[in-house]
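Number of protein chains: 2
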Amino acid sequence: MTTAKAFTDFYSVIPAGGIGSRLWPLSRADAPKFLHDLTGSGKTLLRDTWDRLAPLSGPDRIMVVTGRAHRAAVEEQIPELADPNVVLESDPKDSSAAIGLAAAILLRREPDVIVGSFAADHVIKDNRGFRRAVGEGIAVARAGYIATIGITPTEPAIGFGYIHCGPPLQIEGAPHAVGVDSFVEKPDLVTAERYLADGNHLWNGGMFIARADVLLAQLGQTQPELLAGLTELAEAWDTPRRGAVVDRVWPRLTKIAIDYSVAEPAAAAGRLVVIPGDFDWDDVGDFASIAKLHSGGRKSDLAILGENARVLADASTGVVISQTGRLISLIGVTDIVVVDTPDALLVTTTANAQRVKSVVDALKLSGRSDVL
Amino acid sequence: MTTAKAFTDFYSVIPAGGIGSRLWPLSRADAPKFLHDLTGSGKTLLRDTWDRLAPLSGPDRIMVVTGRAHRAAVEEQIPELADPNVVLESDPKDSSAAIGLAAAILLRREPDVIVGSFAADHVIKDNRGFRRAVGEGIAVARAGYIATIGITPTEPAIGFGYIHCGPPLQIEGAPHAVGVDSFVEKPDLVTAERYLADGNHLWNGGMFIARADVLLAQLGQTQPELLAGLTELAEAWDTPRRGAVVDRVWPRLTKIAIDYSVAEPAAAAGRLVVIPGDFDWDDVGDFASIAKLHSGGRKSDLAILGENARVLADASTGVVISQTGRLISLIGVTDIVVVDTPDALLVTTTANAQRVKSVVDALKLSGRSDVL
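In order, the protein sequence lines correspond to chains A and B. Heads up, the final residue of the first sequence is numbered 880 in our numbering, and it's a clean run with no missing numbers. Heads up, the final residue of the second sequence is numbered 880 in our numbering, and it's a clean run with no missing numbers.
In short, the hints are calculated from the structure, not lab data. Each hint should be verified, as a subset may be incorrect.
Distance condition first, Cα-Cα at most 25 Å in a straight line; then the derived DMTMM-like pairs of lysine to aspartate or glutamate [as the list claims (entries may be wrong)]:
1. K865(B) to D822(A)
2. K865(B) to D809(A)
3. K865(B) to D843(A)
4. K872(A) to D822(B)
5. K865(A) to D822(B)
6. K872(B) to D822(A)
7. K872(B) to E815(A)
8. K800(A) to D822(B)
9. K551(A) to D851(A)
10. K865(A) to D809(B)
11. K800(A) to D878(A)
12. K872(A) to E815(B)
13. K551(B) to D538(B)
14. K865(A) to D843(B)
Just chain A, same shape as in the assembly:
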């Protein structure tokens, strides 16, 4: 299967890791967030991501980095995924290792390759706006910078990190490119309102585009040992030595998010460029996000997810996710979150959605991992 490619030097990388603890009991170790349809599109978030990237890099130029345990589920979602495009992690080593290894493998196969990394579990509906931003990001990457895509805020969100923009830049093919002054952690509401008002802050969408060699050189600045390990892995990857090297090197890889190992140091060094993205975007971080995605922002709605959901609701709003086909009756509960799975039930409110992670932590501590 082939599709016309827009960008012949471009390779997509989808790191498909992370369980999504705030979406428990829907997301589990064996059914992480990216394997769920959270938008009602009929497709998993992973498949949605794939379909969004295929027209940009071509479907034969998308690499998926995921855990060994998820190989079968990933291949079921993407039957066209060829073996050389699957990178399996022995155990999770965070995003620097996942994206860095993909870049290192691709660099050996194709020295001038530009890689773009896009999370497997984010929601974007405006493919056209996304494509425009990625196109500018690729132009920025060709000029030797590391590009990231920032999302123009539509509300004072406190669940996302922000990018503080610097001055506009003159880069061929990237008319909207601006410098990055700094990255900002999730703010409080007052600060978020200020960011929204000043027009100078973007949501950090966690999307990075760069030449593979540039990305790895930047990683080596702060994480030389990690880079050495990834390079060793990449050299062995397409050889019979892969298994032995993985067994030896993988356990020693440093766990660190790419935001800290690459993005922030690059920003500080003036090598990071941000493309403002005017498309919709959500990381679907918790059940409140799901409720919002489905209600289109209206507070009066009850979102219902689940193929066989049977819900009888009276004067109730929020979100119901049903995996059991049981009849679920809601009476007079507002902003409620009900997640009904075969072995665990969650009842909370959208205002408490961020606290779901604490349940997962409590279950871990109490040894009840049967439901994690």
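Mind docking chain B on chain A? Use the hints.
Frame of chain A; chain B shown alone:
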């Protein structure tokens, strides 16, 4: 098995009908309220009722009136229940028929018998106070009146009917007996507060004690056709003709609550006497009652019912009833009601507890009787 009886001319009748729609999905057509343990005592409400009455009338003098479908479950709860003490209803005909038929059958067996009717699904913990009130009720019945037991209110409840007391009476063996001015339907809160303050109103506990002949004569005043039908049934009951007569007569019996057919007319005629009961009492009419029963009135508590309940709760109050053994996690939900059964889940709040019946009605209308 025998137990010392206090009252040799007394026979207990337990009408065990009614599903308890406000306790759906716990209560079902095939698992009505009286077959559940709602107090955490380890016993069903029916068994609790039986154990409360056995010392008063003797365990061989308790008649249970129930639906044919519940025979096996009732006999499982009360293995000592002898055949002559089981009255099976072909289909539900409300309390006048149930209690009236029991009285008519017992009257033929024992002309001077005094019958006392006590719902199968109410909660009383103070057996001593209950026994004292029943004793006075029997004395009143011996004097030819119909006695009812009214409960001294402890709060301005709006979920119960009230009895407006008349003047004190001089009846041998019943020092607390007073006349009944009238019955009052469930009041609004302002009225209920007035009732509580004036000290002249009691909760209508739906307990009646009378000579069987007196009770039936009163019934005949307002419902002569119903009385005729019940008399015909009673005459055939202990004979081989029972089946044929039931088939012919039962379908034609008038459905009417005993409050309307007997209690109110008797009150109007000065033949009804109320014994104030200073014991605890609850008809466990909805999930708010269950929450209250278990919390002892404290608003900060989360009541958990269910043998295999696994609940992980954070900053949550209300009541959880688990029949599935699934892990139930609550986060930041207050006054919540969660009822988790194998085929249906209810999520509401104690303030909405009375509206549960509307769900049952909606399910009936929509033909989803599989979960009723």
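Hint by hint, here is what the structure shows:
The hinted pair formed by K865(B) and D822(A) meets the criterion: a straight-line CA distance of about 12 Å does not exceed 25 Å. Among the hinted pairs, K865(B) with D809(A) is consistent with the structure: their alpha-carbon atoms are about 23 Å apart, no more than 25 Å. About 23 Å separates the Cα atoms of K865(B) and D843(A), which keeps this hinted pair within 25 Å; it holds. For the suggested pair K872(A) and D822(B), the alpha carbons sit about 16 Å apart, so the restraint of at most 25 Å is met.
For the suggested pair K865(A) and D822(B), the alpha carbons sit about 12 Å apart, so the restraint of at most 25 Å is met. This hinted pair checks out: K872(B) and D822(A) have alpha carbons roughly 16 Å apart, not beyond 25 Å. For the hint linking K872(B) to E815(A), the alpha-carbon distance of about 24 Å falls within 25 Å, and the restraint holds. Simply put, K800(A) and D822(B) have alpha-carbon atoms about 24 Å apart, close enough for the 25 Å limit, and the pair holds.
For the hint linking K551(A) to D851(A), the alpha-carbon distance of about 24 Å falls within 25 Å, and the restraint holds. For the given pair, K865(A) sits about 23 Å from D809(B) by alpha-carbon distance, which is consistent with the 25 Å threshold. Between the alpha carbons of K800(A) and D878(A) the distance comes to roughly 30 Å, so the proposed pair goes past 25 Å and is violated. About 24 Å separates the Cα atoms of K872(A) and E815(B), which keeps this hinted pair within 25 Å; it holds.
Between K551(B) and D538(B) the CA atoms are separated by roughly 18 Å; this keeps the pair inside 25 Å, and the hint holds. For the given pair, K865(A) sits about 23 Å from D843(B) by alpha-carbon distance, which is consistent with the 25 Å threshold.
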